[in-house]
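> Whenever a hint applies, use it, and build me the whole structure from the sequences.
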Amino acid sequence: MDISFAAILPQIFTGLVLGMLFVLLAVGLSLIFGLMTVVNFSHGALYMLGAYCTVFLLTFTKSFWVALVVAPLIIGAFGLLMERFLIRRLYGRSPDDPLLLTFGLSLVLVETAKLIWGKIGLTLDPPKELGGVVNLGFMVFPAYRLFVIAVTLAVLIALWAFLTRTNVGLIIRAGTRDPLMVRALGIDLNRIWLLVFGIGCALAGLAGALAGPMRGAYAEMGVTMVIESFVVIVVGGMGSLLGAVVAGILMGQVVGITTFLAPKLAEIMVFVVMALVLLVRPSGIFGEAGLAE
Amino acid sequence: MAALSALVSRHQVIAFGIFFAVFPFLMPYQALASQVLIFGLFALGFNLLYGYTGLLSFGHAAYYGLGAYGTGLALAKLKVGSIWLGLAAGPALAVLGGAAIGFFCLRRRGIYFAMLTLAFAQLLYFIAFHLADVTGGDDGLRGIPLLPIQLFGWKIDLEGSLAFYYFSFVIVWLAVAVLKRILDSPFGAVLQAIRENGDRASACGYDVNRVKHLSFVFSAFFAGLAGGLDALRLAVVPVESLYWVTSGQVVMMTLLGGAGTFFGPFVGAGTYLVLGDRLAVFTERWPLVIGLIFMAFVLFLPKGIWGTLVDRLPRGQSAGVKP
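Chains as they are written, first to last, in the numbering used here: chain D, 1 to 293; chain P, 1001 to 1323.
Read the hints as simulated data drawn from the structure, not as lab findings. For clarity, every value in this text was computed on a predicted model and none was experimentally measured. Note that beta-carbon positions come from the ideal geometry of N, C-alpha and C, so glycine has one too. Some clues are possibly wrong.
[Stated by the list, open to error] Covered by chain P, per the in silico footprint, the following chain D stretches (three or more residues, Cβ under 8 Å):
id, stretch
1, 108–116
2, 168–179
[Claimed, not checked] Derived EDC-like pairs (lysine to aspartate or glutamate); straight-line CA-CA distance at most 16 Å:
id, chain 1, residue 1, chain 2, residue 2
3, D, K114, D, E220
4, D, K62, D, D125
5, D, K119, D, D188
6, P, K1303, D, D97
7, D, K264, P, E1284
8, D, K114, P, E1284
9, D, K264, P, D1133
10, D, K62, D, E129
11, P, K1077, P, D1133
12, D, K119, P, E1284
Here it is, written out as structure tokens:
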């Protein structure tokens, strides 16, 4: 087998694209978890709905760009409804309960998707502007995949600016540290929780919208993605956004490179890496021990 | 009514035996009765960990699947000549898996624990999926013989759904008696103390992590026994036994029935399977309906069917574990 650098480079880039999807999902999960100690099992189902929404909007508006912006907004709005009418009822109960509820919701959403769009997936082409390949000098790479990397980086920078440079971001960070104190200062955390839940879900929708042209849209597409995203936040350290980003990229590379060397092991390696990290650093790479335990 | 409920709560194991002795005749068909019994046992194992110890595992398919593959491989590949040895191989493998995976998962608590158990179950699923030479991969492990029972020179044939039902019934009844013994022991009391307040149990001098690990292994044993029985029932081990959907099923069954109650897992397994069986006649998308019902239970009836019922019933004089 040719394992020269030139042969492995495309795999590294492919892994990077997958890593970007992991990052978007894991950052959303981690943001919600850090603030509300809620693990959203239906994150994968929202990712799937994001992809279907993109297909639907594309046939409706004929513009990929509109679809790419509107689909995450729709999923974000769905997230707002979820928090307001489902998750909110469970505050004050065991942290297991939101996980159980969103597990049920995930089942309902996947089955509903099968009911509406059928069991066979839909395919979706990247927009014409991004259809070709780009010559990077050392290799050629599909333009759409570079676009996915660029969009994710832009979103991450925007999120980082939002969390560190705005007042709302400050409240979110403070709420993550000490919700009781934030409430004591007279801030209505319920609205912040609603907002953060919506943002997290919108990120899942965006990941789905971006994944659509690469992987198609099918009802089960979110299932393995959400489990792998759980692994990503466990490895990165739960509640740590930096951890989610680093571990997301790392896991993308693990899958990308193992796919090249031993394709059958690709799905397994993710969990092996997780087990190794747990042995060496139980709280994850950037995790603080004791958070929400 | 009060007298009956007091009697049932005082003699739970006997009540279980009487009810399930006539159970196949209450069901639409007997194969469904065996399925309820076996999944009830699986849920019972899950309930020991979640309902009594307070640890939510989202990866119990791992131990059920290991049990199924253990029994399946012993009988189909190793050609073990005795049904008892074959059946024992299942829970044995599940216990080994539970001990190893429990070690990793118990390094983290709370919500991490749920996610880790799920991750490890998926790991086993992918291993079984790709190790097709041993497990049959996607096609499942086929050719598991249903050997006759040989006991003290007797020989009983298990072909036929009623014969198999009563074979499973005896084993599940024994398992229920063992569980009752565990729950009534000081160890069982410590489990429930950990569920109520882990720090306090620790302050009382109990090695909380060791007790949790032991509970995990016991739970894996019951799940593995259920898996082994199911391998005999189906004569095949589908790779989906290890899939997260199976883990989700046992979670839903236990919560529907009532986590932390003695009969809840069986009530839940029965409700889930009979409902699924009836709904499947109308729509292929029946999990949608079950999912909605499950969500309603988490929101409005967190104690499940049996747990809610027990709360409403007049309680007798019995002490100890709730029925």
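> For every hint, state whether the structure bears it out.
Outcome of the hint check:
1. 108–116: It holds: at least three residues are needed, and the stretch 108–116 of chain D offers 5 whose Cβ sits within less than 8 Å of chain P.
2. 168–179: Since three or more residues must qualify, the claim that chain P covers the stretch 168–179 of chain D is violated, with 0 doing so at under 8 Å.
3. K114(D) <-> E220(D): Distance of about 9 Å is within 16 Å: holds.
4. K62(D) <-> D125(D): holds (12 Å)
5. K119(D) <-> D188(D): Given pair K119(D), D188(D) is violated - Cα atoms ~43 Å apart, limit 16 Å.
6. K1303(P) <-> D97(D): Distance ~12 Å between K1303(P) and D97(D) Cα, so the pair holds.
7. K264(D) <-> E1284(P): Violated: K264(D) and E1284(P) sit about 32 Å apart, past 16 Å.
8. K114(D) <-> E1284(P): holds (10 Å)
9. K264(D) <-> D1133(P): Holds, because 14 Å separates the two Cα atoms, which is no more than 16 Å.
10. K62(D) <-> E129(D): Given that 16 Å is the threshold and the Cα spacing comes to 14 Å, the pair holds.
11. K1077(P) <-> D1133(P): holds (11 Å)
12. K119(D) <-> E1284(P): It holds: about 11 Å lies between the C-alpha atoms, which stays within 16 Å.
Checked against the numbered hints above, the structure violates hints 2, 5, 7; every other hint is satisfied.
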